[in-house]
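There are 2 protein chains.
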Amino acid sequence: MSVLGCIEAGGTKFVCGVGSGPEDLKLAWFPTSSPEATVESVSAFFGNHALDAVGIGSFGPVDLHPESPTFGYITSTPKLEWQFFDLAGAIRRSLGVPVGIDTDVNAAALGEARWGAARGVTDFIYLTIGTGIGGGAVVHGKLVHGLLHPEMGHIRIPHDLAKDPYPGGCPYHTDCLEGLASGPALEARWGMPAQQLPPDHPGWVLEAHYLALGLVSWVCTLSPRRIVMGGGVMQQPHLLPMVRRELLALLNGYIRVSGLIDNIDQYVVPPQLGNRSGVLGALVLAERAHRNADPRTATAPAGENL
Amino acid sequence: MSVLGCIEAGGTKFVCGVGSGPEDLKLAWFPTSSPEATVESVSAFFGNHALDAVGIGSFGPVDLHPESPTFGYITSTPKLEWQFFDLAGAIRRSLGVPVGIDTDVNAAALGEARWGAARGVTDFIYLTIGTGIGGGAVVHGKLVHGLLHPEMGHIRIPHDLAKDPYPGGCPYHTDCLEGLASGPALEARWGMPAQQLPPDHPGWVLEAHYLALGLVSWVCTLSPRRIVMGGGVMQQPHLLPMVRRELLALLNGYIRVSGLIDNIDQYVVPPQLGNRSGVLGALVLAERAHRNADPRTATAPAGENL
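Going down the list, the protein sequences come from chains A and B. Taking our numbering, the leading residue of the first sequence gets 1, the next gets one more, and so forth. Taking our numbering, the leading residue of the second sequence gets 1, the next gets one more, and so forth.
There may be inaccurate statements among the hints.
Copies of the same chain are indistinguishable here, so a pair counts whether it falls within one copy or spans any two.
To be verified - Derived SDA-like pairs (lysine to any residue); straight-line CA-CA distance at most 25 Å:
#1 Lys13 <-> Arg92
#2 Lys79 <-> Asn275
#3 Lys142 <-> Gly21
#4 Lys79 <-> Leu250
#5 Lys79 <-> Gly253
#6 Lys79 <-> Ala249
#7 Lys26 <-> Arg291
#8 Lys142 <-> Glu67
#9 Lys142 <-> Tyr172
#10 Lys79 <-> Asn252
#11 Lys13 <-> Tyr254
#12 Lys142 <-> Ser68
#13 Lys79 <-> Tyr254
#14 Lys79 <-> Ile261
#15 Lys79 <-> Gly259
#16 Lys79 <-> Leu248
#17 Lys163 <-> Leu206
#18 Lys79 <-> Ala44
#19 Lys79 <-> Arg256
#20 Lys79 <-> Asp262
#21 Lys13 <-> Pro78
#22 Lys79 <-> Ser258
#23 Lys142 <-> Gly203
#24 Lys26 <-> Gly11
No wet-lab data here; the hints were simulated from the structure.
Based on the sequences and whatever the hints tell you, model everything.
See the structure below:
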């Protein structure tokens, strides 16, 4: 039995775990400080375990192309200290084990695919609506990477300034989806954190509208079989039903597929792993790193099928 | 040597071909009338050839799930006569050969992947901007299908009514991308067909802006390695450079990947097969139908790898 470690590397904290799945997972976390100090804390935690491999789901952007000289680096993040930091390399050198890495949302998608709300679903997206907005997409059972990796929060959506004078908070795009509908955008617009807005506050109608506009884009582009919506903002239980209704209203009967229009409650769903989707997905990345690094078990294609 | 037929089934005409590739393709076309009369014309054309298989790239929506009872049907099209017409079945019964079917834009993506602008590219999108706006996506070398198939033209984009009072022409969504930027939308907004607008007409600035807003969505969602833009509206040679510039302006340096920012002229490109991308892609579908139907050659997985 191999011993696997997992890391959800976030902008404010690093969640680390050792285990084999949702029922067997020992967690610890460390605040995200300088890259060196953070890697040191993480390594100290893992140092007590005889790990076989580690998986990392990281904030981004991350270079995910194995043939690239900066593979495993965090690249052009606005967090200056972390720009072009070789996260995967630092962890690998510190622990001396194979390391798998992907984005935090791709890892969360893997976690939900293995143990959660997307089990058995070959084509789906996982979204997080929180400090930022991000998404991981699975197509034909594999994570979408492409040129970089998806940056779903930065799609542009309609923004009626007469109805919503808040200009948007994205430093790059002002009123992209993340700029209009992330947690900080809600707080900046209404003057209080999302969790303090009462359920009947008009802010939720607007939030459901913006999120549903995003879903329209992804439904029309990827035609997913399921959409999993996690993240801090989605913790408000009244929000998900509003998003479902608004998605149907915006599609207006154009996508006439039973899996969507007759089953919206099973089509747009919450995660089943709570806030552990990402760190558990990192465990799947660790598994893969272990399998691919070990010639005795690397008989499966070096693939990413779920 | 097998004899393969191909059909690009459009809303106004059916283009039919027999051959093996761009250098060997005999074409004919028939106006799209009633389903029965159209299939009869098509069958008469193919009847002179001893076909082994036929591929169809069809207007949609099309049911592409082999396990579905309406597999190969055109489903909820606004063309009433064609609603729930078993196009693949009618062709198969009439010609007595295996039939492969996909959407017109997915077929065009296959054609450009095999012989055109996307050769060797595992992750790309093919777009057509014409009577409608549609797109086919290839991820990890396979076409994206999912729950239905992409309907990329129907994503929502920002629409500033003060700058562009044209309300949009989509019967389902009014001012989705197709409603704002298709050929008919251009004509309705400016009172003349797109090809009559002079190159310095402000309509082109607006058109490039709308199309680039669409590209932003797809870049952020699929992270393609290339974008191929075809269709009648893209025939204006000044438009593509404007779209490239506007895409970079809208992304505003956020996606800092050399393949995009340093190589935009190779990133957003015209098709290389002119208006034959779709019908040539249908030839690839015919090949697959032939291979999968013939046990002697069906050793390759029933797959869709390019």
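Between the shortest in-copy and the shortest cross-copy C-alpha distance, which are at most 25 Å for lysine 79 and alanine 249: within, between, both, or neither?
Close across copies (23 Å), not inside one copy (39 Å); limit 25 Å.
Tell me, please, which holds for lysine 142 and serine 68 at an alpha-carbon limit of 25 Å: within, between, both or neither?
both (20 Å within a copy, 23 Å between copies)
Within, between, both or neither: lysine 142, glycine 21 at alpha-carbon 25 Å:
within (20 Å within a copy, 31 Å between copies)
With 25 Å as the alpha-carbon cut-off, assign the pair lysine 79 and glycine 253 to within, between, both or neither.
For lysine 79 and glycine 253, only the inter-copy Cα distance (16 Å) is at most 25 Å; the intra-copy one is 43 Å.
Treating 25 Å as the Cα threshold, decide for lysine 79 and asparagine 252: within, between, both or neither.
This pair counts as between: shortest inter-copy Cα distance 18 Å, intra-copy 41 Å.
Lysine 13 and arginine 92: within-copy, between-copy, both or neither at 25 Å Cα
within (19 Å within a copy, 59 Å between copies)
Given a CA cutoff of 25 Å, do lysine 79 and asparagine 275 count as a within-copy pair, a between-copy pair, both, or neither?
Intra 23 Å, inter 47 Å, cutoff 25 Å: intra-copy only.
Using 25 Å as the alpha carbon limit, work out where lysine 79 and aspartate 262 are close: within a copy, between copies, both or neither.
This pair counts as between: shortest inter-copy Cα distance 24 Å, intra-copy 44 Å.
When Cα atoms must be at most 25 Å apart, do lysine 163 and leucine 206 count as within-copy, between-copy, both, or neither?
both (9 Å within a copy, 24 Å between copies)
Up to 25 Å between alpha-carbons, please classify lysine 79 paired with glycine 259: within, between, both or neither.
between (41 Å within a copy, 23 Å between copies)
Please sort lysine 79 with leucine 250 into within, between, both or neither, judging by C-alpha distance up to 25 Å.
between (36 Å within a copy, 22 Å between copies)
Could you figure out if lysine 79 and serine 258 sit no more than 25 Å apart (CA to CA) within one copy, between two copies, both or neither?
Between copies only: 21 Å across, 44 Å inside.
Violated hints, listed in ascending order, are 9, 23; each of the other numbered hints is respected by the structure.
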